[in-house]
Amino acid sequence: MQKLLSIALKDLKVAFRDRAGLILMLLAPMALIIGMGVISGRFSSSGSGAGISDIPIVIVNQDEGQLGQALVDVFYSPDLVDLIAPITTTVVETARQQVSDNTATAAVIIPAGFTASIIPETALTATSFQTPTVISIELQTNPTRATSAEVVRSIILEFLARVETNQVGGQVTFEQLLTQKLVRPADIPALARDFGTRMDAGANASASTTITIEHMTNNDAPPAPFDVLALLAPGMALLFLMYTVTRGGAQLLAERDAGTLGRMLISPASSAQILGGKVAGIFLTALAQVVILIVVSTLLFNLHWGDWRGLILLLPAVAAAATGWGFLIASFVKTPQQAGSIGAAVMLLFGILGGSFGTNVPITGFLDTLSKITPNAWGIQGFTALGNGGNVTQIMPNLLALCIIAMVTFGMASLLFRRGNLIKK
Amino acid sequence: MRKIIAIAWKDALINFASPSSLLFFFVLPVVFTFIIGGGFGGATASQDTRAKLLVVDQAGTASSQQLIDLLGQSTALSIEPMPWAEANATFDADDAPALLIIPAGFNSTAMISGTAQLQLKQQPNNLDAVLIERTLNTTASQITSAIAAAQTAVAEAERIRPFTSPAERQAYFDAALKHTTQLLAQAPSRLNVTKPSQIAPDFNPAAQASAGQLITWVFIPLLGISAMFAYERRNGTLRRVLTTPASRAQLLLGTIFGQFVTALVQMGLLIGFGAVVMRLNWGQSPLALIVLLSSFALAGVSLGTMLGTFVRSEGQANGLSILLGQVMALLGGCWYPLELFPAPVRTVVQVLPTTWAMQGLSNVLQLGAELPAVLPNIAVLLGFAAVFFVIGVARFRFE
Amino acid sequence: MPNILEVRQLVKHYGSFTAVNGVSFEIQAGEIFSLLGPNGAGKTTTISILSTLFPPTSGDAFVDGHSVITDALAVRRLIGIVPQEIALYEELTARENLNFWGTLYGLSGGALKSRVEEILTQIGLLDKASGRIKTYSGGMKRRVNIGVGLLHRPQLLFMDEPTVGIDPQSRRAILDMVLELNRQGMAVLYTTHYMEEAQELSHRVGIMDHGQMIAIGTVKELTRQVGETETLRFQVADAGAAAQFTALLQGTAGITRATSTGDEVSVMVPHAAEAIAPIVTQATEAGLKIRSLDVQEPNLEAVFLHLTGRALRD
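Protein chains in written order, with this note's numbering: chain A, 1 to 425; chain B, 426 to 824; chain C, 825 to 1138.
For the record, the hints were derived by calculation from the structure and aren't laboratory data.
The beta carbon of each residue, even a glycine, is placed where N, CA and C say it ideally should be.
Warning: the hint list may mix true and false statements.
[Claimed, not checked] Derived list of chain B stretches under chain A, where covered just means 3 residues or more per stretch with a C-beta under 8 Å from a C-beta of chain A: (1) 439-451; (2) 576-588; (3) 740-750.
Let the hints inform the model, and build the full structure from the sequences given.
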């Protein structure tokens, strides 16, 4: 055991003295976590990094009535001051050009007659409501900004829904009165004006009409607020964990080629102790890496990782599963260079399959099944569950899966790695 | 020229000496493009990319059905009604971002009395779940607005003549609500969403994801030219070249030219793969595409040359290439679109060549931009190339 | 014979350290000139300057009349380099390496192709030319390393310690190759710290130490400096005993010089046969045990020892 530990600790020391290796072990994941934090607005004053801001739009209001201006007012309202950055112009082509030039997310063109198409003057004097010609708002969207264009669209739709509801509400009110013969047709215009005045003054029955949405979780803890870094930090840590273990495998082969492994074999240490020591060294390096990344990201970004008992179990489990893969890759390649290239490829593939690059990558069907062989998928799910208030029980399936991955990969690698493989040919 | 070509060819032979080099040159970029671009045929308009919402209707009321119908009309999400046990299992298996439970007692009376409740389970830190919640809020307010309109009708009627009994009032309310709901369902769309006229009708949004991957996977090996210089320095071949009649300029140009041509070939293969296998539309202006990507390749190889003057070993060079390449690709909008970035960040990242390349490529692919429209991007990329090249050459150590 | 190389007062400073300090010598066309000296003597720096890798701090050198400072391009066309390290592309084959370097030397087309085949034959690797350099043994790599230096038929070949770290058989092959090249008229500047190589190959030898040329001449001329002096090498128990023995011999009549290195004592005497017995007696009387004794005739090592007081292999 002492010889095994001695080899393992030597390798751990070597790994952390290699400045080039430290770039990818620690610097790169931290840089990417910070980068993702920056682009998600996690470090801005709004804090949580949940979305978009300052969407540039161009508004052309050709409508003569109050609804066109009401929509313009919505975009300029204090509620949307952080979300939308509107400008207005009178020239439609200018607005369209800004979208084509990719300087604006959308052009909102409110045509003439819009208000009249919803609240026609003639309707107020008619005995029944005529259906006026529909005049639509045109929203020209920039296809390179699909998400923010969708936000603009949803704002307009919400506005139109309210307008529609108010219009229909008014229509129904007076149609019902007429149908129930509570009023005469000649009374409608005066009643409508009085009704309109009272509605504008805020007499609205909707205040008490509500639907409450209650957020539920699987455990007693309240749902954690959205924090994009809590999602991405474990993903990046696990991505570069795979780099560390495949590099460890490459170094095992490099030692074989350099003859130092063979030198160990002619010492009193058995090949099991030697190989065990080498693999334990990879494991300890991987564990140290992921612990350092977690500690640093906690201190720097105030991340919450959840139940410490779960963490204590999850961290070695992911390190073991990843080490098993690194060992397996080393067992079937021929040279350290191959181990490096194939290892890097596996690192990236596992990363994308396992969710290290975020949730907007569509991993479904066969790809989702394939992701189950990666430490990344199980690890990220476990970290997320713990961060969301879960405990050891919730992550038991993840721990089990990671242990199985470790055992299977170690087993296969041990069979492939025989004593003869350890000596330079 | 012959010496420059000889140097470039020698580098190509070294770069592709091992079959595993094809992994990063072609295989991985193609796999990533395939996965992110949504498989064969890409994410076409007919494919459902909406967020999935599981719905458990425990109420079985007109209100719950109205809610389900309205949610079903949404373009942002697709709903899947199912029993509780199945929905819960699906949610726990992480197969849906959110689960909506409409509990028993969800009806208009509860809404009026303020006790109507919906229960929503969301996967943690999931952007689709956030979108679903936003849509649900909008839909819920649509329903309450209809009820409010019916209440207004009742209130107006009561002002003119009070109802004789609660039953009469209820009947009036029900009729008004039914009428309101009918009219709302028949309401015309008053929003016409259009795209700029130069957009191709068969545009495929997966091309955007492919563009980001192309930039990422080409950029990293271009930075990796720094490792080539470190290798030659360690190997002694750099010194040896300097004792031949080949000049230092020829050596630098040959190395850079080789990497540049390799990058062009790589981009050509990836674009070809995307076009033929994934049926992606790479825009209507091949000239704009070629000039833009060539400028980008020059900027990348020049940056790699400059990087090579700061590193001491191949290990450092390779590590820094991957680190800088990934970070610059991320910040340049290659992984997540720039529109998602905070406004100050959108400004700051303009210092990166990847940002200009990605924006230019997006303009060509999605806005149908022709060469004149992307000339600013090309000019900036060539400017980057010039600056990096000058610094790299000035600092270059041949020993 | 005209001089193919003239080196005049070459100096190279690195900060406060002087690597080459006023070195001057000439090489005639068709001559093998060896630069002999221990590691760190300044041989490689001298060759680097002559190869036009970097300019000297002062002084100049001329290859067939072309200055290495002002006419470097012309110099590079005239010289061939065989560097100390194996400066080849390990991922490429021998043939690919030769093709590449040949192009840099201005060869092309059919001329390049035929010259590459000639070189491969000359270095005895024609049948292995398609193998990658990384699969070659050390000796094979050295041969390709030499082959690259010969591609463009240089008038002057610089060989910087070409036999370091290889087996005796390969070393022999390389030395034979150098002799054959010289027979064909090539001038060679050969640096080494192996005295035997310098003695075997060279028409003339320049001995360098601490950046200075301390002696130049034919082997005979140099060894004459130490006269007929022969060197007795005694191996004693340990360094302490060697120091004691050396002190004992200082000032003893008939002994030109006595120095010790580790457990070895070198004693220079006019006639070894006459000096052995008294020296051994002296050692025995002092209680010093002699483990072995070796007699060397005057050679370059002795010259170096005579000039510097240190063994060549220090």
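Status of the hints after comparison with the structure:
1. 439-451: holds (count 5)
2. 576-588: holds (count 8)
3. 740-750: holds (count 7)
The structure shown violates none of the earlier numbered hints.
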